[in-house]
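Participant: Here is what each chain is made of, one letter per residue.
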Amino acid sequence: MTPLAGYLLVAALVFSIGLAGALTRRNAILVLIGIELMLNAANLNLIAFWRYGPHPEALTGMMFAVFSIAVAAAEAAVGLGLVISIYRHAHTTDLDEMNRMKG
Amino acid sequence: MQEALQFTPQVAASSIAQILWLIPAGPMVMSGVIALLRQRRRTLASTLAIGSLAFSLLLALAAFGHVLSGWMSGHAVRETVKITWIQVGNSTVDLGWVLDPLSAVMLVMVTFVGLLIFIYSVGYMAHDENFTRFFCFLSLFAGAMLGVVIANSLLLLFMCWELVGLTSYLLIGFWYQKPSAAAAAKKAFLTTRIGDVFFLLGIVWLFAQTGTLLFYNNGAGSMEPAALVGLLAAPAGWGLSAAGAIALLIFAGAAGKSGQLPLHVWLPDAMEGPTPVSALIHAATMVAAGVYLVARVFPLMQAGAPMGGSNTALTVVTWVGASTAVFAALIAVAQNDIKRILAYSTVSQLGYMMAGLGLGGVAVGMFHLITHAFFKALLFMGAGSVIHGCHEEQDVRNMGGLWKKMPATFATYAIGMLALSGFPLFFSGFWSKDAILESAHNWHSGKGPYFMLVFGALLTAFYMTRQVSYVFFGKWRGHGHAHESPRVMTVPLALLAFFAIALGVLGTPAWPWFRSFLTDKPAAFEWAGFNEPGLIQLMATSTLVVFVGLGLGWLLYGNRSPKPEEADVLEKAVPPIWSVLHNRLYVDELYGGTVIAFYAWWARVADWLDRRVWGGMVAAVTGLFSLWAKLNRFLDTNWVDGTFDKGCEELSAGGGLVARVQSGRVQTYLRLLALAVVVLAAILIWSSRG
Amino acid sequence: MTIVFWILAALTVSGGLATVLLKNTVHCALAVTGAFAGLALMFLQLDAQFAGFAQILVYIGAVAILVVFAILLTRGSETPKGGIFSHTWLAGLCLAAAVFAVLGWAVLSSQHALPLEAGSPVVSVMDIGNALMSRYVLPLEIVALLLTAAMIGAVIVAMHEKGDLK
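Listed in order, the protein sequences are those of chains A, B and C.
Numbered according to this note's numbering, the first sequence spans residues 1 to 103.
Numbered according to this note's numbering, the second sequence spans residues 104 to 793.
Numbered according to this note's numbering, the third sequence spans residues 794 to 959.
None of these hints come from the bench; they were simulated from the model.
All of these numbers come straight from a predicted model, not from anything done at the bench.
A couple of the hints might just be wrong.
Some chain C residues close to chain A (C-beta under 7 angstroms, calculated; not the full set) [unchecked claim]:
1. Ala841
2. Val861
3. Leu886
4. Cys887
5. Ser902
6. Ala906
7. Val918
8. Gly922
9. Ile945
10. Gly946
Every residue, glycine too, gets a C-beta built ideally from N, C-alpha and C.
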């Protein structure tokens, strides 16, 4: 197994674990954490390809990853703010109970 | 005997002939107007009816005057007016009217007698609540009868003939709540219908043979020599020519309407109608329509007969008339209802008229018709006065002694009775009946009718004396008190009595005005007329016969006053003969057993056919349709609707299923996204591998 | 495939697993922080120093703290009554497994097409700065805008309304 393949597999594994967490845990915050894990795995993918792939343009992969981190941060902030807001309204963070789309 | 009719060729119709149609039209229109009036507008209804008929009388007198003046100046008048009704290619159906002596005389008689009876009815029907309806029908009848009189077209005559029959039905059944009246009306209509069927056959045959329905049409009419020659030439089986066969068919129609022997059964039952109806329709006018018809088509009736001789048609007419005369007179002897005696008397006298036509021609028969109209109407109205005065009593055994209590009625009734019996010299009935007896005596084909008619005259005198004795003489056997009738009823009686006497003047052998008016140039009054061979003997014989009849009647019934429960004198003498005569020679029972039973069987068959077979077919079709409808409904509900509903349900369920995706649970959405990504990725990778 | 790689891989994967499987939410937050750390070290091993340090700064330094804040503010530390997994956890697990299967299959079956080891690109921070100001200036500005909007949005969303409950 080439090193690239190794990194990619690790990224895939982390991605799947993050996905599993997002899909199965009840707590809304843990869903967001899962999503963060998924984003991180994608970043790892990008960096791995940047390191082991061809380099017509030296910076692309790295920049991509950096921007991804920035966006992820913004999204985490907003998402957590939403969870807190919903918690205030429904007094729970249990996703199974939040199935009424009517506010 | 019948002289050849001498008429100048047709002249252009005068003004009075042009407006002749107003005579029947007036009363008919008034009838329609009265039909629209409310029931309580009695005076208005009777005024309209009487007024229109009075106007018709004036016009009839004017027409009569016109014909009279033409006749007196030497050329007889026969004017026709023709109207083309339907035109089919080259052939036309024409209607029209004719003004000649025959129609002029009849017009005057019908309007005059009709007017008197209308006035009489105002008093007679005063207590009836359907006064207005009565005058509506009377007016309609008057219009229709006048239409029959002036018709120049057989088609128009037939139409008015049927209308006359209809109004007779309506008037006989005027008190329709009485079952006997309704049955009598139906009987009258059906019996005359039988005659009318033959009449219609005759009309159609005549039209087919001659191509025209008009009587007189400037030489092209069916009663004119050209057509008659053609009719005589065409053969018709049983040794008859077409002329003879058609004449017999038309006579059958006349026999129905005028109550000749086999079809006489409706006339006595027609007495169920109010007495004015009996007087007008069943004494003076409607029943005379048959006689008038025969007189109208007399050229046809006479066709082929040698001068002074007879042919098949006329022989049949004579024998039927004579038989009817005797038959009805026999039955009249044994009846107890005042109107029924007069009804059978009418039948008998109609037989006399028909015999007169057959034996002596138009003048003889028509003269008796005119005189009979007056004195029979008088007798009926007198009977109505008696019934009215005795509080609706009609059985003669419950009357009596009325000559003191109802003197005016008695006087006029006596005059009528004597005229009917043929009391010599003063009364018109004597002259008219004698003319018939004279023709019978001189008939070349045998003496049978003569003896029958003489016997009939004896019976007439006898039963009239019987009736008058029962009603006016003896002791009062009824209930309550009798009273004289009001002036509105007795004045017409007096007028008619006057004419019952006066009209005799027109037909004496010394001055045969009537005959010459109808057929010939004016004749002068000459006593030499009495010098005809055998005439004096004839007059003596008939006088003798009349006195024998009167005497016999007075002897048996004269001043006796038999109680109602007692049997009649004659009944005690010859019980079997009496019972046969009393039961009207069982003619009605004969018909009931044969014709009516057959008809009832046939009606049952038709009913079965109608209900089971045709009705069954209709029901089958209906059943088929309703089955089809049910099938359609089933299909519609279950298949069409069902499919649609099922579709909608499935759609709904599908929607429900799909809606489960929208669970509102975030993780479900995430899972779906993940799934989609997996699928897409797999597809992309797979496709790029290949 | 050095030993360092395996250790770091194990660290990261176990951190991820711990995140997903632990009951206490705060423990989960800590575990994910460990996963972040593992990933940052992997970045460093891959010669992506800037990315690695950015990861530590942002993720461990900001996102993890945010998560802890959120957990504490929503009483997430209490164990829910019905268990920590949703009652249809199997479907999610299957899906995740399917995703991993597809990704793994894609990676493994395209190994021969993947490029072999090449030299690592030399990237200095000055290069990155230059690039940010020249070539990537638009994304930079947009990200700046995004961050501003996100910040404002988060504040508004999470703010107490007047008359809200305490």
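Participant: Taking the hints in turn, state whether each one holds.
Facilitator: A quick look at each hint next to the structure:
| no. | hint | in the structure |
| --- | --- | --- |
| 1 | Ala841 | holds (5 angstroms) |
| 2 | Val861 | violated (10 angstroms) |
| 3 | Leu886 | holds (6 angstroms) |
| 4 | Cys887 | violated (9 angstroms) |
| 5 | Ser902 | violated (10 angstroms) |
| 6 | Ala906 | violated (11 angstroms) |
| 7 | Val918 | violated (11 angstroms) |
| 8 | Gly922 | violated (11 angstroms) |
| 9 | Ile945 | violated (10 angstroms) |
| 10 | Gly946 | holds (5 angstroms) |
When each numbered hint is compared with the structure, violations occur for hints 2, 4, 5, 6, 7, 8, 9.
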